[in-house]
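Colleague: Line order of the protein sequences matches chains A, B, C and D.
Mind the numbering: the first sequence is residues 0 to 507 in numbering that gives the first Met the number 0, read in order.
Mind the numbering: the second sequence is residues 0 to 507 in numbering that gives the first Met the number 0, read in order.
Mind the numbering: the third sequence is residues 0 to 507 in numbering that gives the first Met the number 0, read in order.
Mind the numbering: the fourth sequence is residues 0 to 507 in numbering that gives the first Met the number 0, read in order.
Be a bit skeptical, because a hint or two may be false.
Identical copies go unnamed one by one, so any copy, or any two together, can satisfy a pair.
[Unchecked claim] Cut-off 20 Å, straight-line C-alpha distance, at most; resulting in silico cross-link-like pairs (DMTMM-like, lysine to aspartate or glutamate):
#, residue 1, residue 2
1, Lys286, Asp480
2, Lys166, Glu145
3, Lys289, Glu382
4, Lys164, Glu145
5, Lys289, Glu247
6, Lys255, Glu171
7, Lys408, Asp445
8, Lys120, Glu301
9, Lys367, Glu231
10, Lys65, Asp192
11, Lys453, Glu48
12, Lys365, Asp82
13, Lys169, Asp341
14, Lys378, Glu284
15, Lys367, Asp62
16, Lys365, Glu59
17, Lys337, Glu311
The hints are simulated quantities; they were obtained by calculation from the structure and are not laboratory data.
4 protein chains.
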Amino acid sequence: MKKIKLKPAELNRHKSIHSNCGVFGIYNNPDASILTYYGLHALQHRGQEAAGIVTSEYDEKNDKYKFNIHKDHGLVLSVFSDDKILTNVLKGNSAIGHTRYSTTGSGDKRNNIQPFKVNFKGGNLALSHNGNLTNTKYLREKLQNEGTLFQTSTDSELILHLIAKSKESKLEDKLLEAFSQVIGAFSICILTDDKLFAIRDPYGVRPLAFGKLNDSFVFASETCAFDIINAEYIRDVMPGEMIVIDRESIKTGSEKSYIIGTAEKYKHCIFEYIYFSRPDSSVFEEKVDKVRRKIGKNLAIESPAPGKDTPEDKKTVVINVPDSSNTATLGYFNEIVKTNKDARHEIGLIRSHYVGRTFIQPGQDKRKMKVKTKFNTVKGVLENRKVVIVDDSIVRGTTSKLLVELIQKAEPKEVHLKISSPPVISPCYYGMDFPTANELIANQNDQNTEEIGKHLGVTSLAYLSKEKLMESVPYKHEKTDYCTACFTKNYPISIEGLDDMNKNEFDD
Amino acid sequence: MKKIKLKPAELNRHKSIHSNCGVFGIYNNPDASILTYYGLHALQHRGQEAAGIVTSEYDEKNDKYKFNIHKDHGLVLSVFSDDKILTNVLKGNSAIGHTRYSTTGSGDKRNNIQPFKVNFKGGNLALSHNGNLTNTKYLREKLQNEGTLFQTSTDSELILHLIAKSKESKLEDKLLEAFSQVIGAFSICILTDDKLFAIRDPYGVRPLAFGKLNDSFVFASETCAFDIINAEYIRDVMPGEMIVIDRESIKTGSEKSYIIGTAEKYKHCIFEYIYFSRPDSSVFEEKVDKVRRKIGKNLAIESPAPGKDTPEDKKTVVINVPDSSNTATLGYFNEIVKTNKDARHEIGLIRSHYVGRTFIQPGQDKRKMKVKTKFNTVKGVLENRKVVIVDDSIVRGTTSKLLVELIQKAEPKEVHLKISSPPVISPCYYGMDFPTANELIANQNDQNTEEIGKHLGVTSLAYLSKEKLMESVPYKHEKTDYCTACFTKNYPISIEGLDDMNKNEFDD
Amino acid sequence: MKKIKLKPAELNRHKSIHSNCGVFGIYNNPDASILTYYGLHALQHRGQEAAGIVTSEYDEKNDKYKFNIHKDHGLVLSVFSDDKILTNVLKGNSAIGHTRYSTTGSGDKRNNIQPFKVNFKGGNLALSHNGNLTNTKYLREKLQNEGTLFQTSTDSELILHLIAKSKESKLEDKLLEAFSQVIGAFSICILTDDKLFAIRDPYGVRPLAFGKLNDSFVFASETCAFDIINAEYIRDVMPGEMIVIDRESIKTGSEKSYIIGTAEKYKHCIFEYIYFSRPDSSVFEEKVDKVRRKIGKNLAIESPAPGKDTPEDKKTVVINVPDSSNTATLGYFNEIVKTNKDARHEIGLIRSHYVGRTFIQPGQDKRKMKVKTKFNTVKGVLENRKVVIVDDSIVRGTTSKLLVELIQKAEPKEVHLKISSPPVISPCYYGMDFPTANELIANQNDQNTEEIGKHLGVTSLAYLSKEKLMESVPYKHEKTDYCTACFTKNYPISIEGLDDMNKNEFDD
Amino acid sequence: MKKIKLKPAELNRHKSIHSNCGVFGIYNNPDASILTYYGLHALQHRGQEAAGIVTSEYDEKNDKYKFNIHKDHGLVLSVFSDDKILTNVLKGNSAIGHTRYSTTGSGDKRNNIQPFKVNFKGGNLALSHNGNLTNTKYLREKLQNEGTLFQTSTDSELILHLIAKSKESKLEDKLLEAFSQVIGAFSICILTDDKLFAIRDPYGVRPLAFGKLNDSFVFASETCAFDIINAEYIRDVMPGEMIVIDRESIKTGSEKSYIIGTAEKYKHCIFEYIYFSRPDSSVFEEKVDKVRRKIGKNLAIESPAPGKDTPEDKKTVVINVPDSSNTATLGYFNEIVKTNKDARHEIGLIRSHYVGRTFIQPGQDKRKMKVKTKFNTVKGVLENRKVVIVDDSIVRGTTSKLLVELIQKAEPKEVHLKISSPPVISPCYYGMDFPTANELIANQNDQNTEEIGKHLGVTSLAYLSKEKLMESVPYKHEKTDYCTACFTKNYPISIEGLDDMNKNEFDD
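Only chain A is shown next, with the shape it has when bound in the complex:
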């Protein structure tokens, strides 16, 4: 019998958007691999198709460092299901880890699983990377012309070559030289024999948090990875910053920090607040839960629930799409209820968390069946009601349409769909895996909300405006602190130099 191939990306998300990665690093802890395991577990939602850990183990007898690695396709819990891997193989006091959204299947793609581990003149080197570089084409060609061979099609290998090729003698300077050459979005942990580096691009596109666990230092894409191991969140790795942890720094408790490239204006990915990050995390130094509820609130202000004319009308039912819009729906409802005390927040959709393969009968639609195995309606809640569904975004529109269809079967009076983000009109080249522009429903309908709503089968459709979205998020500097390219086509970092191989990676 064929072994089941869980499509884990489907397990907890119902969108055709995929984050690229979660990264984690820890220095100076005898349980480095176990803590990394838990950290990756908490970051599972950022990448569900592969996971890996590299540890640096000091071999006292030979006064040398040994790098241990284990990585594979699958969820974190599956890749590390054998506890002997954590305790017997992944020995050592420092570790980095990675969860990845990636392509599965062919033995080849296995090479792309992170962390990467290589050997160069400076010893061992391992890297975990979240984000996407945008001048890869130029860099790859340049390196190939110099006689460099590539074993993968990843940005990460490219960075490693740049480090190995640096003429600088100090490791820190090698890294600074390498990172001064790359353009794009990156939040990176690098482990060497006796140091741990955390680096973030000058725009701060992807998050990277810095924490402390007793005498150990930790880094993670989101702070929920700190909570699970009882680590304390200190601050973010700043955009353009490189933090270096070594034995000496641990003694003093201070940390060395460097600046990469010219410090640019911040360009945080606003989608982290809308959808990616877990509500219990802090990203960009703000609690996601708080921002996401403010987004919900602003959505309610812009497009309140319908009809308050008749007593019957007033009993509008607001429902969430579990679990992705739970928090935004709370924000939405708490605002609505201020003026309509009869409105109710209800559970109108039940979600099954057991989702696997979908078998279709002849003449049946596969995606329809998939939605049905994931969601069921609570008819008593919806029937004959004015129903407001809050969802976080519409990408292709396929799932939304099927979800609306499902809800319509419960015979609500009206269905009003409120989206807690503006229309998605353009792909992301900084680390999210969106469909191409043509596939985006907002493009197919020229952002005509009415038409899209008609297509989806709802009574009304409303998106959050860009303005209100920008009002919902916190600012360090100014309104331009965020990348909103997927809503505006306004790409803040040049995408001219994108490697074809790099573009294609998402196609498989």
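Since the structure of chain A is already known, use the hints to place chains B, C and D on it.
Modeller: This is chains B, C and D only, laid out in the frame that chain A set:
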């Protein structure tokens, strides 16, 4: 590497209670196996350790029936991960299926996976069973003395022997004779060469619904299994009823129905409303969602949220334990908010649905780590607030204690735990797998709510009273329609004749 | 990726004949399960598709016996690959084991894997069976009419029912009663809580040896299973004998023995000497190696190697088909060389023991490719020579034909095929899995040796005559000591009462 | 349950010697991957722990080449058990393959599985390598100092870097430049987008054959890989030769050929004739079967079977150790029988080809049990006889000692062990994986044959002399055509520059 052993019972539930089974049956449909697959998928929460399907295939050439079977340990999606099993192996127009909470591991226990398929003088016979018989000791000894050999330790095999041994000539009468001899709780589907039977014990302890899908008839433990295949819910199989579907009955659209034993007073398992059944199902001919919200409402009436004295106090935060107390919390909150407009329903706990193996570091508590991999708090919601947690039940108290500990780390002002059921003081012998009486925390503390609360670390603890619970559920006849033995030690069906083997089954 | 399904039957044999089973039993040894594992390993050639072990473990605390079981599809080494199964699960001082040729795949067939373990009024009972009953139809119907249900289609379950139904009070008498009702070929080990039984049908069709290992007693289909554990061969279980080992007998060193049914004339399966048994075993109280070489010798006497006229002719090359005809070829060659000193025994065929799936290119013959992955010729040995191939039997002729084709490519002058058995013309109903009569090449050509040879593409073909075969085997009583039905259609045990289910078992 | 980890190296060999690899290449065949699969299957004995195939697929639409790859730990039949891999993934008209003896287990070592596939300025490049370089230390350091990073510890990656770094513009010249820098033993197939290269070191240490299949060209380590696909053996790739196959060459039927480095004297690995290569192959342009039998013959001349004084003595029994000494034993016996007509070649050892995990009982020797699961004696053949065992070599002596012990249990009169090679006294650095010098039994006893024989427990022990070995092998040029370092410590190719990493590789 050792393959991961998902402990699926943990995936979506956080209690040490396990239902025994979900059953499903369909007659006269060319896609019988695929529809059963989907039905079982919807019943996954009723039994997550094994699954199976048997189909009856008519062999035109030989004018004979062939029974096909596939069953194994694992989730439904894993057992049937190879689509060729459904389409090439499980051919035929009728099918029954089963999901089971059972013991894993040893090759022996494999025998206990359902459906059971046997061959007897009347041809092929397969059975799916939810519930537990209570006169097994007597029946087993009687049969063994007659020279019957047993290949399993299950009630189900016992029933099959009784059927095979019946001297009646008509199959229907054989079944009636067999079921007149057994005592206990059972909801059963039986497939024979050309008939499908659905049988329910005279007390109606476990649910069993009857539906229709075009020209096919279907049976399922809960109606959510009808929704997923677009079947229409007709009514319940009545307590003590045996419905027979055959070719003739399908033609006429009518169905033959028999009465098993003396019709007794109803004794529905009240825990189905509290915890087991999905909120989107109807059981005992009432919507679970509706009953569960009424339970929440009554809990609020009995033990409202604390302090409304100061404006600050008023901002009580009500949180659910996802996903099991979602619905009851809604009912609770909607009542509370009537008198305290400042109370808020918030998401205070984030639940990870990726839960697997837990590795412990020396000196760490395994269960603690397990709770941490499952739940994280949203600190901004809880910090410095009076927090009301609504949960459905407390069994051993272990998980509750750890959950409270986790919440306390978020530094709420107070933590009030509201339980939407009375104290659990006695095991169930009718199909739920509770711990023994000694392990139940309510027994350990003589039901002293204050002491239990202190043990759990909450500011206050309140259970729903038995009276209010009884007010929350619907009645066909009278207040005694329900079995409440786990709250009252009042066992409505004799448990004297329980087989030791049967008792032990839960121990492995 | 689909997991590989080794077809182990192919690994070491190249014939379309399959033995039905190997059985093993041991009493009173703390390493019972490990010794059974090794015993089954040595019997692997008798059944390569499934294996199992049952142990009886004494629970001192409760003064009760517990039966442990582990069985699965696959080779012995694969089924018991986890050493924890042998040491932690299969505890106890007594054990029986089984290797089985059976059908794979469907979850259903799993039920047919032995040993069988059941519970009856006398306690636990487990059975390992080699052979085939021939009055199953009658017995099955009789039992079904008495209300017995069947969970498998095996003879073994039938025997177990007969034991459970016996009205005798003593266990020994129950068994005697049961075995007095069955007709056919059987060599059986039965384990009860505190006894081990070894039973052989009155004809002694299949072998069963009795041995001793220090204070333990052992039984096995072939004595090679004794050698691997350093046990000492005592004698065979006699045809019609039932040996009982219990605690008392061990103390005294004596053994209790019973006679089943009327002692019949012996009807040993002569094919055990020709092909099934390992040459290093003793079966029917004679060394297989010795008999098989005598068979080879007689074949040489009847049909010597060709041409001794020219010096060139004399250099006839005799080759074996590894490994099945190795021993017979030796016997053949040692006879030939007496009169032709120039004849040579050579290695003309190299056999690969790595054989798995065969992929075919369009237009290619699958079986041809299979033979090519198994065999290659040593051209230098065959080219331009008169080649004599000694093989043990021809069944369908398919493999022989392809093998000859392969050899012809090495351009020998002539190819003479010598078969160390008479033409196979009739199926076996006593435990061998032959093709149907129609598929047997000897039938398709009316036993016309010349035509068959032409079909196979050889210069000449010769079978061993029945007379010479009978001269090669040892006799206790007289020439009729052997069953030769597959060569003669003369079935010594009635096959009238064969159950259809039983017949079909080989079809899957 | 833990999945079984077949130790396939044990399956067919009983020595602690392992060859490093089998390589295969094919150009211009629509079934390239399937033919490579069969070719690798035939080369399975050269490396049983991992296998892989790379194909070059022409994408007509984009006029580009795509490289497909699949490789994994395991036997060929297991790695490619899913036929979809061969037909759907590994598309393309050219392919190279590899079977590898390598270290298993850790996820890291996976990187070392061949073929290697990389991308460089010239496009795609894949490499299969048999042999071992000896100036790796220097080359690795040089490359690292130039900024090259290494992802594996293999020679093969080193070669690929040298090719990528070459300043030559023509691919052929890049390769020539790269191979002019490496020293050691190598037989290599390289696949580029549209060319196939076969290269052999100037000493011709490891074999590499060149063949033709209709319009396709093929390369393989041994000619048995040609036989299985019906390809025709043309000649060897000559020592120091690089053959290039491209579209043009196919048209003309000619092939381009280059010379690498200075043509040196030949240094064929003599162990290929003694043990490694299959007897049905041609290596170094001579049939292995022929050479190996001559070796056996010379062994007989040097050390004939004992005692011909009494008639009883004369009945000396010569036995082989299946399957590794089958051919040499024939050569030995055919010589012996010339002067002692009463000597007999017998099957004294039966070998089980099912070998897996060995479980030991307390106080038992694991290796002893392993030998017992592999071999059993045929007592009737050995008892009371003078037995001559012919074996190919003694390395550590552990297995030989246990084998002798087993044979002694059959109570032969005398045991004479004849080894068809000289004492092994030194490790191989050219691609065989021998134990270290200290572990070699011939060193432990200063090559004192008598002492070694005593240690092994035989009546007498004899090795083949170096002189007679050299007489047995064919010569192109002169007696120094062979590397005999393992018998003489005379290393013909400098081993000064061996990388530590490279040395260590065999230790894991």
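Colleague: Next step is simple, just say for each hint if it's right about the structure.
Modeller: Results for each hint:
1. Lys286 / Asp480: Result: close within a single copy only, 17 Å intra versus 49 Å inter.
2. Lys166 / Glu145: So Lys166 and Glu145 pass the 20 Å test inside a copy (14 Å) and across (9 Å) alike.
3. Lys289 / Glu382: between (32 Å within a copy, 13 Å between copies)
4. Lys164 / Glu145: Answer is both: 10 Å inside a copy and 7 Å across each meet the 20 Å cutoff.
5. Lys289 / Glu247: neither (38 Å within a copy, 63 Å between copies)
6. Lys255 / Glu171: within (10 Å within a copy, 49 Å between copies)
7. Lys408 / Asp445: neither (29 Å within a copy, 49 Å between copies)
8. Lys120 / Glu301: Close neither inside one copy (59 Å) nor across copies (55 Å); limit 20 Å.
9. Lys367 / Glu231: Classified as between: cross-chain Cα gap 18 Å, same-chain 44 Å, threshold 20 Å.
10. Lys65 / Asp192: Answer is within; shortest intra-copy Cα gap is 8 Å, inter-copy 37 Å.
11. Lys453 / Glu48: neither (35 Å within a copy, 43 Å between copies)
12. Lys365 / Asp82: between (38 Å within a copy, 14 Å between copies)
13. Lys169 / Asp341: neither (67 Å within a copy, 60 Å between copies)
14. Lys378 / Glu284: between (41 Å within a copy, 14 Å between copies)
15. Lys367 / Asp62: Neither, since 60 Å and 38 Å both go past 20 Å.
16. Lys365 / Glu59: For Lys365 and Glu59, neither the intra-copy (58 Å) nor the inter-copy (32 Å) Cα distance is at most 20 Å.
17. Lys337 / Glu311: both (18 Å within a copy, 18 Å between copies)
Consistency with the previously given hints fails for numbers 5, 7, 8, 11, 13, 15, 16, ordered from lowest to highest.
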